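Could you build all of it, start to finish, from the sequences and the hints given here?
Each chain, letter by letter, is given below.
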Amino acid sequence: MKAYPDRDPMSPDDPSCSDISHIGDHSDAPGHLPPCIAGGFEVRVQHQALDIEAEVAPIIRNPNIGAVVNFIGVVRQCGDIDDVVALEIEHYPGMTEQSLWGLLEEAIARWQVDAVKIVHRVGRIALGHPVVLVVVAAPHRAAAFDACEFLMDLLKTQAPFWKKEIRRDGTCEWVEAKSRDDSATERWG
Amino acid sequence: MKLTIRYFASIREQLGIQQEIVDIEMPELSVDALRSRLASRDTRAAEALRTDRLVRAAVNQAMVDGSFVVREDSEIAFFPPVTGG
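Protein chains in written order, with UniProt numbering: chain A, 1 to 189; chain B, 1 to 85.
Treat the hints with care, as some may be off.
[What the hints assert, rightly or not] If you want a taste of the chain B side facing chain A, the calculated C-beta under 7 Å gives, among others:
(1) 8
(2) 9
(3) 10
(4) 57
(5) 61
(6) 81
(7) 82
(8) 83
(9) 84
(10) 85
[Said to hold, decoys possible] Covered by chain B, per the in silico footprint, the following chain A stretches (three or more residues, Cβ under 8 Å):
(11) 52-60
(12) 146-159
Hint data in this document are derived by calculation from the structure and do not stem from the laboratory.
Note that the structure is predicted; figures quoted are calculated from it, not measured.
Note that beta-carbon positions come from the ideal geometry of N, C-alpha and C, so glycine has one too.
So, in structure tokens, the structure goes:
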């Protein structure tokens with residue numbers, strides 16, 4: 001995990017963090033503090049399945065956060081029409097993370113946000129499973145909604161991922177980029 | 001000028017090359033000019049990198065347009081329009 005240098009995850013010694021240790025946490029161990037992220041900026045590319053709840057819970061746990069917007073991109077279940085059983089996602093290691101961090105930094109510059117997390121899967125992903133998660137936490141919902149939408153619009157046209165559909169018979173076909181994705185970025189200037 | 005060229009997705013599959021190192025002597029070598037040089041090597045390359053095809057490029061892991069001038073020891077990647085998210 002790479003944390004944005006200026007805003008590290010809160011340490012357990014931080015008084016704000018220890019204040020929430022009794023809220024919604026079911027740990028009985030004395031002196032145990034729940035994992036928490038007060039503000040925090042994270043980008044991750046991974047092969048493992050996404051655990052949405054585990055990714056979002058630490059952000060929500062912070063009592064200062066007023067609005068949390070999540071976007072989850074899921075592999076569409078087209079049924080038997082296309083005979084697609086899974087997606088396979090390729091990426092450009094090194095550039096992928098750099099590209100996502102660049103988008104995150106731009107979101108921070110444009111909106112007042114407290115936490116942003118972008119997690120994108122690569123490799124083989126079955127139908128109905130999440131591909132990408134973008135979480136934005138802010139004091140107010142307008143910034144959270146806008147920043148989240150901005151990040152998804154830009155990710156879809158700039159982040160170096162490529163999807164391939166895998167069919168039941170083992171054949172594959174690359175997914176084509178959509179012009180509507182390019183159009184969606186125009187509103188952000 | 002030594003350059004590392006990387007290919008991704010359908011372009012990599014069509015070329016049959018993931019990565020290569022090329023040596024090109026040309027002052028003010030733009031990404032477009034590099035692409036033309038690479039395309040001119042054989043019919044397979046000509047098809048994969050043909051000018052009427054949408055091919056994006058990154059230099060040292062940052063997206064650039066075709067007019068970008070590349071420097072010695074750069075890594076240049078060619079790939080189709082991205083489809084993440």
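These are the hints, each one checked on the structure:
Contact between residue 8 (chain B) and chain A, as hinted, is supported at the beta carbon level, the nearest pair being about 6 Å apart and thus within 7 Å. At its closest, the beta carbon of residue 9 (chain B) sits 4 Å from a beta carbon of chain A; the interface hint therefore holds under the 7 Å criterion. Against a cut-off of 7 Å between C-beta atoms, the interface hint on residue 10 (chain B) holds, since the closest Cβ of chain A lies about 5 Å away. Here the hint on residue 57 (chain B) is broken, as its CB sits about 11 Å from the closest CB of chain A, past 7 Å.
With 7 Å as the threshold, the beta carbon of residue 61 (chain B) comes within range of chain A, its nearest partner Cβ sitting at about 4 Å, so the hint holds. Here the hint on residue 81 (chain B) is kept, as its CB sits about 4 Å from the closest CB of chain A, short of 7 Å. Taking 7 Å as the C-beta cut-off, the interface hint given for residue 82 (chain B) holds, the closest approach to chain A being about 6 Å. Annotation: residue 83 (chain B) was flagged as interfacial toward chain A, and the flag holds, the nearest CB pair being 5 Å apart, inside 7 Å.
Taking 7 Å as the C-beta cut-off, the interface hint given for residue 84 (chain B) holds, the closest approach to chain A being about 3 Å. At about 4 Å, the closest approach between the beta carbon of residue 85 (chain B) and any beta carbon in chain A falls short of 7 Å, and the interface hint on this residue holds. Evaluation of the coverage hint for the stretch 52-60 of chain A: breached, as 0 residues show C-beta separations to chain B shorter than 8 Å, against a requirement of three. Note: the stretch 146-159 of chain A has 6 residues with beta-carbon separation from chain B under 8 Å; the three-residue rule is met and the coverage holds.
Violation of the numbered hints given earlier is confined to hints 4, 11; the remaining hints are satisfied by the structure.
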